[in-house]
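Enquirer: As a plain string of letters, each chain reads:
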Amino acid sequence: MPARVAIVGAGYSDFRSTTPGLSYKEMMFEAATRAYADAGISPRRDAQTFVTATEDYWEGTSIFDEYVPDQLGAVLKPTQTIPGDGIQALLAAAMQIEAGLFDLAVVEAHSKASNVRHPERIVAFGLDPIWNRPLDLHPDFVAGLEMRRFLAESGNTPEQCARVVVKNRRNALRNPLAAYPAALSAEDVLGAPRHADPLGQLDCAQYADGGVVLVLASAARAAGLRQPPVWLRGGAWMTETSALETRDWARAAYASLCADRLYADAGVTQPERQIDVAEIDDTFSYKELQHLEALRLCRPGEAGNALTAGVFDLGGDLPVNPSGGSLGQGNLLEATGLRRVLEIVLQLRGEAGAHQVPGARRGLAMSWRGIPTTTAAAVVLERGE
Amino acid sequence: MRRVAVVGAGMTRFMRRALETPQELSFEASRMALDSCELRLADVDVVCIGTAPDAFDGVHMKGEHLAHGAGGWHRPVMRSYVGGGTGVFAAIQGWYQVASGRADVALVLCEEKMSSARPHPQGAFLTIFDNITERPLLPNLIWIFALEMRRYMETYHIPKELIAQVAVKNKRNALDHPCAQLAAEITVEDVLKSEVLAWPVQRLDVSPTSDGAVALILASEDQATRITDRPVWIDGVGWNVDTAYWTDRDLAYPMYVERAARMAYDMAGIRDPRHELDVVEAYDPFDYKELHHLEGLMICGRGEAPRLTADGVTRRDGDLPVCPSGGLLGVGNPIAAAGLMKVAEIFWQLRGEAGKRQVPGKPRRGLAQAWGDLMQVGTVVVMSV
Amino acid sequence: MGLSERIASGDRLRTWEGNFPLEHLYTVGVAGERALRELKDHGRLLGTRCARCEVTYAPARLYCERCLTRLDEWVPIALVGTLASYTMVHQDVDGQLLETPALVGLIGLDDASGHLVHRLGEFDGQQPRLGMKVEAVLRPATERVGSIVDIRYFRPVG
Amino acid sequence: MSVRIQDFPGTPLREDDVRSGRVLTVSGAARAEYAWDLGVAMTRYLEELRNGRLVGQRCRHCGRVLFPPRAFCEQCFCPTTEWVALPDTGVIQTFAICHIAWDAQRIDEPKLPAVIAVDGASRNMGLLHLIGGVEPERVAVGQRVRAVWRPPDERQGAITDILYFTPTEA
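Protein chains in written order, with the numbering used here: chain X, 89 to 473; chain S, 2 to 386; chain A, 5 to 162; chain B, 437 to 606.
Isolated chain X (complex conformation):
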């Protein structure tokens, strides 16, 4: 099936640990202004539908979609919120185009994590109130339990997890958008204070503020626009279960299920060979290895060894998180997925600057919604010829 939807514009508001000079509305306006300029469109004249990804408790506002339209140019237009990851919102917009309703859509997500006083309280509020929350624990216990189980079953090691952190934060040194660039050693990561053992503090992506806006178009509409289209070759989203009691604790089943659908949709049969560059979830160091295996970008149990061999480095066979990922750029809450898509769009256009992967033609962006979810969303994007 020919791709019917392209990404034709991308904009952002820089990713930083804090953004005290801008309100969330102003941050969204800035990212949107960049995206529309990039696409060469006027939102008031050209854009037909708008989708924002966010969750009320991250904003501190119930029914946050109220406050979305003005700063996106969406007043009195079809506008909706997806309380989900930005890639889910992107696919919601894509489906509206695929259904034949619209030709030009806008997708937005942002993070004002620095405005949330105790983000861990919000994450904990996502736990089941009857069976899990009464234990009164920092919610990252979920990651600690999962990391140990994953390492035990896959044979990967804490040292290899530490090398994920080293790689991604070094990649961030080449990315001016990144909030947390650093030159660290594996010893630095392993020697950092423990968080939820075997998870150390440096194994966790830190929160950051920032916003991303993308412009999507049908094939017909994309043809008349200024940017070379980046085609949505395939997309999928998947939930395993909402219960800690019945989920898989070792192998990111949600990511494998998502990959099955994604590759079927995209016509990808050998992901390891057919994907040139990947931005995949690294909210915690071990997650990158776990997701690499679940997405079949390496053989089961081989992610750590391949990483150590340099396969996923910027100059490797399959660069993973050349942007710096969440570890290097920051955890942007529900905007994390769109930030990954933004990076792939820049890579496929050849605009990634010092972290450009030479000759990238096909890229994959995948996100996980974080604790306590088992939900992933992913897209395969392709450069137009």
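Hints listed in this document are in silico derivations from the structure and should not be mistaken for laboratory results.
Some chain X residues close to chain A (C-beta under 7 Å, calculated; not the full set): (1) PRO108; (2) GLY148; (3) HIS206; (4) GLU208; (5) PRO217; (6) ILE218; (7) LEU225; (8) PHE229; (9) ARG237; (10) LEU332.
Computed far set for chain X versus chain S, every beta-carbon distance over 10 Å: (11) ARG122; (12) ASP134; (13) GLU247; (14) ARG262; (15) PRO269; (16) LEU278; (17) ALA307; (18) LEU313; (19) ARG314; (20) GLN362; (21) GLY389; (22) ASN393; (23) GLY441.
Glycine included, C-beta positions come from ideal geometry on N, C-alpha and C.
Position chains S, A and B against the provided structure of chain X, taking the given hints into account.
Expert: Frame of chain X, contents of chains S, A and B only:
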């Protein structure tokens, strides 16, 4: 454009307080919807969830929380959100997922458990107001309804007696709904004598807070005609969001509903809604809202809906029955579930399965509409047999 | 492009504070009511079984998440199992460092599918091991309220 | 349904079932707290409120004076570039007489929330605030009002630096 039909529906009772957890409510409605069209969960491709503020049920990422009760195990689950308009929008999300070709059968589930919020669910509504310019005034939800209601009454010189008729009609209609929470035989006099909450809004002008869930099964044309010999087709969908600066608008007329209706009518080929629609479920969280929305839907001119009601046109046995279900005023208002209940009611009415609520004359075409946010969102679905 | 004006002096930067002024009271539900009563009154958990999917849910569920059928086969669940994973958590839910880190376990109950998450206790210097047997330590019957924390923690067997 | 199904699922409870412990419950709270960045437009707006003044922003494209102020014009989708001082007077567009607080508790003295169109701002543009200093029955749509400010030393740079709006003619 792929045709999409509603083929099954289910719902729980609407209750002030339910024993069931949010997930259990979701299960009950989903199970009934599957049973109603003799499908198994394995037949479902995607799950579309609609639920309003997380602050009601008291769980961050409520869509994730509900997923396993709504058939979301190992499935693509996506939640959408447009405030009070969410219930009808969830059906629109189901529509575009199927119409896009990405799914053949969608389970659409809306749930709300408002009773969890303490000291009162109204407390959650404080957080829908602007965080900086409005919340410090300690507003409640009734404020904005009272403000809009007075603006509507004064603009068109509408006496309260004419508005109260809506409460009388809908609560009476609800006597025939087995799930109703506030069905009653009352008089206009009763409404006018009921406790004043925020003049001109009185106790009997208002729908209750509720717990409950509703589910629909949507299917592509191929699947729909295999599943049932009486599919109800979705002919048109529309949604629209106005500016967040609600104090900058004239509250007398819901332009956002008009825009949403025009979108849906254009799709459905409707030019004269008053005569081309046979049954309408307009959104009625407050009695005047039904009138306001009938005008926004262009079923009558501005300020003319009270006369339409006084003339009996909107009675269940009238020329254009409105809210034959009993609406939110009579059946109850578990926000998103109440909106989807309206779509379910049109489904049952068009199939001739509404029992004692059945409108006469074999209706062939109906409309369900919801409203939401800060006097801001319109969502519309047009259906036919 | 962008905003025409920025705040250019640090002393003008301000935030506005707010919160969600709400608490919540959750009913434990149809299945939870029965399962937690059993824990409170008899010191054991109840599960439900889906014979078709060959899954035993513990704590009990009203429905099978895999096939969405109603479950009515109730089975007692002994509070003993195998340690599938564990972690030492160093912060509390506010992000503050704990004086005594919390030891948390992932327990595969012998009588159920899946895992239960709970605190671990009475390890007294003993290193937890994946695969070791653990059992629940309950609060005294008079102190139990019908909650998952009527189980104080799981400890090594023997 | 609905003709065939008689027994709809759902188990209604009374408040007393919950309070008395006849059914089991678990309590919890998010304890969610925020410190939102005010940003460019709101910083200036609140600073001017502290000074006892209202300000708006003019859009040079459509010429509208936007109030409450914002850093962008939502109709033209462009940044705003000009601050405009506004009088603290306006017209009541609509109002209510409210007998309940935000948490649904009844209050003795009714509050009078109103939407007030601010003089000098573009048509309809205004704010949500309270009416005071007048008997509720003497308030009307279309009435002219002016802001009653807190004393300067009690102002915090907040919307509540205005105590309420009061009619200008008795």
